[in-house]
Every structure is written in structure tokens, then in C-alpha cells.
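Note that the protein sequences, when read in sequence, are chains A and B. Heads up: the first sequence begins at 0 in numbering that gives the first Met the number 0, then just goes up one per residue. Heads up: the second sequence begins at 0 in numbering that gives the first Met the number 0, then just goes up one per residue.
Keep in mind the hints are simulated off the structure, nothing from the lab. Glycine included, each C-beta is placed from N, C-alpha and C at the ideal position. Where hints are given, some of them may not hold.
[To be verified] The calculated lysine to any residue pairs, modelled on SDA-like cross-linking and capped at a C-alpha distance of 25 Å, are:
no.: 1; chain 1: A; residue 1: 427; chain 2: B; residue 2: 260
no.: 2; chain 1: A; residue 1: 143; chain 2: B; residue 2: 311
no.: 3; chain 1: A; residue 1: 88; chain 2: B; residue 2: 321
no.: 4; chain 1: A; residue 1: 427; chain 2: B; residue 2: 336
no.: 5; chain 1: A; residue 1: 143; chain 2: A; residue 2: 232
no.: 6; chain 1: A; residue 1: 273; chain 2: B; residue 2: 119
no.: 7; chain 1: A; residue 1: 88; chain 2: B; residue 2: 407
no.: 8; chain 1: A; residue 1: 427; chain 2: A; residue 2: 273
no.: 9; chain 1: A; residue 1: 88; chain 2: B; residue 2: 305
no.: 10; chain 1: A; residue 1: 203; chain 2: A; residue 2: 102
no.: 11; chain 1: A; residue 1: 427; chain 2: B; residue 2: 261
no.: 12; chain 1: A; residue 1: 143; chain 2: B; residue 2: 310
no.: 13; chain 1: A; residue 1: 273; chain 2: B; residue 2: 97
no.: 14; chain 1: A; residue 1: 88; chain 2: B; residue 2: 300
no.: 15; chain 1: A; residue 1: 88; chain 2: B; residue 2: 295
no.: 16; chain 1: A; residue 1: 88; chain 2: B; residue 2: 97
[What the hints assert, rightly or not] Covered stretches of chain B, as calculated for chain A (at least 3 residues, CB under 8 Å):
no.: 17; segment: 33-47
no.: 18; segment: 95-106
no.: 19; segment: 111-125
no.: 20; segment: 299-306
no.: 21; segment: 424-435
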Amino acid sequence: MSVRGLLFSAALVAAWSLPAGNATAESALQQSGALPHGGAYVIDPDTTVASAAIGLWFRAPGAGYDDSTPGIAELAATAAAVAPLASGKSLFALVHSVGGELNVEVYPDIVGIATVVPASAARRVVAAITAAYYAPSVDEVAVKTARANAAVLGVQQRYEADATLHDLLFKQIFATGPAHYPPLPVSVAEITSISTAQIGAFAKRAFRSENSFLALSGNVDASSLAAVTDGGGPGRMDPPYDSTPAASPASATTSALIGGIGLAWIGPPITDEKASTALDFIADYLFREETGVVTRELDQSASDAAVVGQFITLHDPGVMVVTIGGDHADQARDRVLGALLAMRTPMDAQTFNAAREAFLYHVASDTQTPQERADNLGWYDVEGDPGYAPGIVDGTYGRSVRSLDPAYVADVVKHYLATPVVVNMQAKESSQ
Amino acid sequence: MNFVRRAAAALSVALLPVTLLGGAPTVLPPSSDTVAGTTVLQQIDAAASLAGITLVVRAGLDRQTMKQNGLAALVAETIVKTPVGTPPMPLEDAVAARGGSVRFTVDPGDVRFYVEALAADAPAVLELLRAAIAAPDFSPATVRAARAALTQEIAASQQVALQVGLDMLNAVSSVQANAGLPELGTPASLADLFPADAAAFYRAYYRRGGVLVSAAGQLDALSTATLSGLAGALPLGTTSPVTVHVAALRGTTREIVAHRDISSPWLIAQYPAPMVDNRDFGPMLVLAAFLRRTISDIAQVPGVVSPTFASRSVGAVYVYDRVPSSLVIYVNGGLIGNPSRTFATALSVVNVLAATTLQGSIEEFKAEAAGDFADNATTLETRTWLAAVFSRESTSPDFINHALTAIAATTPADVQRAARTYLGNPTIALVLPRGTNLQD
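Kindly generate the complete structure, drawing on both the sequences and the hints.
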């Protein structure tokens, strides 16, 4: 029997022992199904590594259910991670005590709790992460920690051009909805204006088991699911928290601690897999570190401008974002716009084929660790298209890449990447 | 409580005992074959969509004379820029067009090429690498392009203060002076190296003897014969290092200072450390985890749980994949309020460790060491390289189980012994912004 065959047998045996019986095999290696007390899971095993990535994802509006409390999702997610569990130890402390890492990832429309731990601790962490979020016990102490955390991250973000420009661009291109607001509170006043009761209520509503998706990757198997003892029972995940694009989004100029230029374009919804993939391809071809056409041009010209470009796949709509930092940002912006203009003409077949092969490789290379795979599985599930997660065996992403052709890519550029919304962030004069 | 007290207290605090490694799932060790004298290591990962292959050739820094600083890198870069395939294009571009990547690293004793590709493309990509290694293009144009690429890379690395400091410290700690030269050379030394020098180095040192091929990932399309065929591209023969004796510098200080175009000072300390086959390997992994946690706690903003600029500005790294091994502690002075105090505290903690019996449990630090090791061994590139290192330096390429077992077996007495043995007198590198001095 081949190694693949052995793994398949192991997966079947593991599925047999599941507490919930509706596991379905999506491929020889991956399993998915419903959690015992609400919510869904996917297991993407790899027994050749010694670590396991465990991610718990929710649909949740970053600014609250009425968009009146920007930052509440960040505060609630952090507070739940640091609140003591029945054992007396918080999820955060437990993960660190077993030699792992925990990151709270809050976006306008979703929340992800990402951990990576030694494989031997996977079961304990699955139990703790689901207990911490499915039955959150957010108290004053936990909220105080979450506030302090948010305050420090907020100050820190002022020195990060990329993240600051992202928030400013989203504010311009979305008129209403959670994406209009930054996921991280921008001032101490905002942080302190949200009460512990509000945070607790938000946590209870947002972090319901039926509103969750558990992604397990690495050296982990279905037996870990037996550790999930909390949850409210079967139910449906919330509908996606989409935002409404501005009818005529305006560009903006603002002052900040550091300078930079941001460009953004509204893109397709996640369900338009081919167009979304084309925008991923364009971002990879032009802006990928070391290999991107624009990146290489800047390197060869010894420019110290730094360009980051990516298509952010969201439920509806996605957003193409390019941020430019460093000196000579104006010239770099012109290079970016020039490169996009050139892509309105279909690429020659040889160049396109090489770029598409390179893109397929980059996707595989970027999804090779348990953490990267769990993040992708979580993100694409809660954004509404789990089968489209890049790098997943038998997923639709690879087929979408192979379906691209030069004419289609040029059409996507013309359709989606015309005039961008621009944010000019001008550095304040410093006295020191 | 001040910073020093916090650090000292951390040594004696009784931590919650957690036994983590007893139930750890065993990871299949790499297989090892010897084919026509070439060691071939394989880690089959059916879940991977990529294949990654590291080729290790005994043509590293210690094959250079002192005047040939940068020659090992120039030859490797020339190989990466050698036209291959139809139509011919530089190896790196040809590999990228087939859906893959290729890069190299120059080590004290070796040069290693790492090529990665989608599994189905791997045989073709490997053939491209084989063709370039079998017949590098040492024409003036290709060598010029290689020199230009290296010069650009050196300029970039000179902006990375940690790299500048490590280069200086490695130069001091190397037993052989040539093995401590900068990995890529310097712009001045490269300017003095010509195509004939590169061709002669290649002829002398790119030999099959000592070559190691380490592969990981989806290897269905790559047979052991195909992998060992990579070594077959090279002529038979073995080589020896160039012996360079340079009298040790005599001085009262163990501080090295450099100025670069950087915005903030960096403080870096280097201690000797055991190799992977040493009984102190596991204890040193635990010790490094302890130091990493402790100085991160010192630097971190109190009460904050997310990683911050401050917590990322310090670190402790056990460099066991380089000869000689070392333990490095660093502080980036641009991101924390008082870098000198943090650095001094870190060094004090090390001294305390060497002199004081550890009180309480070390289980949490063992867990952290195991977690760090496991999490850092998940990319195909790391896995192929670690298998190669452990194959060379120990009795087995089974890096993951060896490390986890060594960590699990570590006792407080082992940690203290390792601290006493290795963490005596560090060499310190200070990398300062131009126009500043130590008193600043």
C-alpha cells in the first residue's frame, strides 16, 4: 500500500471515531463536517511535521452590530483569550505554556483566533480555544488587558504605513458597513467608551459555536474534535457582514507620523472565482516580493520605495489594495499605474504562461506550513467559499488559475482596475 | 520591581509543570540512502503539493583563500545565472517559468542550492539545475551579472544591522579565518575576482565527494536515482579546505563596533554553543527558549499580550546549523526605550544562569523549546536543510525526533551545566548609526 493509501486508511479510521457522524471526505487527506455542539470544522492533516495549527474563525462585524462601536470585535476577541477558563488559566496562558503562539486576527467582517502548538498539545488547545470562545467569561480584568493591548497596538499602527493606509482606503471606498471603520480602535477615548457589558454581550453573540469554523492543520487528527465540549448546539452561521461601496469614492489627503500613498479599487465578490483569481494573479505578477515586475523595476533602479500589492478576497466585494512607502513614493505610484496600464493589452503567450506557472508555484509555496493552511481554510470558509481556499488539494483555486488566459486578464484589468481611490498620507514635520 | 529583579525572579519562580512530550506523535524520520557515494535523504509528505531539494556541495567559505573573499558566492551566483533550457535563459528565470524557485546559501564549509517546484514540474526543474551545475557559464557577461547581483545583495545586507553584527562575530569566532569571511564577500573583493578565478574555483571544488542531496515534499515524480543524479553532474573527487592560520587578535576588550547607515543601534552578544550531536544540544535549546522568553518579557510593554515592536526587538537564537555553533542574543535599540539596560539585563541573566542552581520547574521552557523547534521545521526548505545538518553532524538525519527527545530529557542540572560550559565571556558587537559613538 502506498503512503497515500496508508494516510487515507488512517483518515477513515479517525473519522469513524468522530463524536459527530456527518464527516465527509473532501479528498484523500482532508475531512470536514459539523462540530458536536454547533459549528463546522475542517481537518487538513500532515503527519510529517511536529506542529499543529488550530484556528477558530467567526463572522463578526468589527464595529459592532450597529457599526457604532469601532474596535469592539478586537476588544472582545482579546478579552476572551485572556479571561480565565475553568482551569484558572486563560487560553493565552495555556497556549504559551505548551510552547505555542496565539494571534488574534480581527478584520472588518471576520475574527480569527490563530494558534500554532506542538502536535502533542493539539487536543488540549482545541478544548481550550472552543471553551474560551463558545462560553466566553469576559470580566473587568480581561477587558482591562484587552484595552491595554488595543491601546499599544493602536499607537504602534501609527508607525505602520501599510496598515494605516489600508484602513484609510477602506474608509474612502466603503460608504457604510463594518469595512468603513478600522478594526482597531484609533483612540483611547474609543477604547474606553466601550463598556465591559457591551464587550461581553458582543462576545456572547459573535462567538457562538454555530457561528464558528474550526480549522485544524498539521500533525492533528479527528480525535482532537472529541475535546470540543462547549457550544450552544446546531444552528446557522451569521450571514456575511458586507459593506456598501461608496457611489463616488473620493480620494483623500491626510497627515500622519509617516508618509505613504495608497491605491484601492473595488473588485469582484468571492463567488466570482475566476475574476478574483485573475486579480490575485495580477497582484502576484506585478507586486510579489523579489519577483514582481514592479518590485524588480524598483530594485533595479535602487529606489527605496516599497510597494505592497494584494487583492483582498472578501465575501462581496473584494478590494485590490496597493500601498507605497519609503522615499520617492510618487515615482513608485507612477510605475504602479504604468504597469497596470500596460496590462490592459493582453500579455504575449510565453510571458503569460511563465507568469501563470510562477503564480501556481507561489500559491503552493505560500500555503505549505500548517499555520498558512489553517489561515486559508478559515478565511475562505467564513468569507463564504471554502472550496476556493488556495493551496487546498482538490479545491477550485488551482482550476481557476489554469482557466486564466491573457485576454481575460486584460479584461479584468480594464473592468476593475481603472481609476483608483488614492490616499496620500503626508508625514508630519517632526521636531526631533 | 525593576527589570533586573524581574529577570532574576524568573529564574526561581515555580512554574506549572506540564508534561508535554510524553504523548507527542512520532514524525516519520527521513530515509537515508547512499547512491554511488552520494547521501540521499528523503522526507515524503503526501500532503505537500511541492517538492523541495537541497544540494550541498563542499565548496563553501573554507575553500577560499583570504584574497578570494566572495569567490564561493560568485561561483554559486554564476550557476544561478547560467543560461539553460530552450530557449536559453538564466537558471533562476528558467526555473521560475516552470513554476519554481532556486537560491543558494554559502556556509563555512559548504554551498547549498535549494530548488523548489510544483511536484509535477520537479523533474524538469531538477534537470535545469543539473544542467547549470554540470556546465556553468563563466563568460564575462554572466560573471559580471553575478557580481552585480551579489554587490546589490551586499548593499542591502549592510542595511540590516543584525546581519552586519553577525558577520563580525562569525569572523571572530571562526577557527579558520577564511571560514569566517562574509558569506557574499565585499564589493571590493568581488571587483578583484574574474571569470578565470570563478572557473578555477569551480574546477577545483565542485566535486562529487561529500555531496549530499536532501529532498522533502511530494516526491512521487522523483526517484532516488533522479535525486542522486544531481550529484552525478559533478566530476568525481574529494576536496579539502584551504588552511588559513591567522594569529588571534589580542586585546582587553571583547567588543566590536561598526557604523552603518542605519537608524538605530543594535547590540548583539555571541556565545559558543554545542553541536547537534553533543549531550548539551537539548539543554541549550531549553536555555535559548528561557533567554528568549525572559528578554522578551523584559522588553514587552507590561500587560500587553499581542506581539509588539518592543517584544520583537529582542531575541535569543541558538545557531546550531552553522560551524561553529553559537548562541546569539540581540537588542534592536530603535524599538525600546533603553536598549543598553535591556541588553545589560539579558547578559546579567546569562551570568546568573551559569552561577545559580535553577529553582522550580523548567517544563514550561522545555515546552517552549519544543514548540519553537517544531514550528520552525515546517517549510520544505528548513526540513531538507535540517535533515542534511543532522545527517552530517550526528548519527541520524532524524532532526525532529532527536531534538524533541533531547529537550524532553533535559533536567535543570543539564541546563545549568550547559550555561556554565558555554555562557562565559561573550563577544559583543555594537552596530551603530553613523555619526554616533558608544557614549551616545
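Margin query: Check whether the Cα positions of residue 427(A) and residue 273(A) lie no farther apart than 25 Å.
Written below: violated (42 Å)
Next item on the list: Mind checking the alpha carbons of residue 88(A) and residue 407(B) for me, to see if they're no more than 25 Å apart?
Entry: Between residue 88(A) and residue 407(B) the Cα gap is close to 23 Å, so the pair holds against 25 Å.
Notebook entry, point to check: Taken at face value, is the distance from the CA of residue 336(B) to the CA of residue 427(A) at most 25 Å?
Noted result: holds (22 Å)
Checklist line | 25 Å limit on alpha-carbon distance, applied to hinted pair residue 273(A) and residue 119(B) | finding: With Cα atoms ~23 Å apart, residue 273(A) and residue 119(B) stay inside 25 Å; holds.
Next item on the list: Please work out if residue 143(A) and residue 311(B) have their alpha carbons no farther apart than 25 Å.
Entry: The hint holds at about 23 Å.
Notebook entry, point to check: Regarding the pair residue 88(A) and residue 305(B), is the alpha-carbon distance no greater than 25 Å?
Noted result: holds (17 Å)
Check: Given the proposed pairing of residue 143(A) with residue 232(A), does the C-alpha separation stay at or below 25 Å?
Finding: violated (31 Å)
Notebook entry, point to check: Within the assertion that chain A covers the segment 33-47 of chain B, do at least three residues meet a Cβ-to-Cβ distance smaller than 8 Å?
Noted result: Three-residue rule met by the segment 33-47 of chain B, so holds; n is 6.
Notebook entry, point to check: Are the Cα atoms of residue 88(A) and residue 321(B) separated by 25 Å or less?
Noted result: violated (39 Å)
Next item on the list: Apply the coverage criterion to the segment 424-435 of chain B and chain A: a residue qualifies when its Cβ sits closer than 8 Å to a Cβ of the chain, and three qualifying residues are needed.
Entry: violated (count 0)
Checklist line | Whether chain A covers the segment 95-106 of chain B (at least 3 residues having a Cβ closer than 8 Å to its Cβ atoms) | finding: Check passed, 6 qualifying residues.
Check: Is residue 88(A) within 25 Å of residue 300(B), Cα to Cα?
Finding: holds (21 Å)
Comparing the model with each numbered hint stated earlier shows that hints 3, 5, 8, 16 and 21 do not hold.
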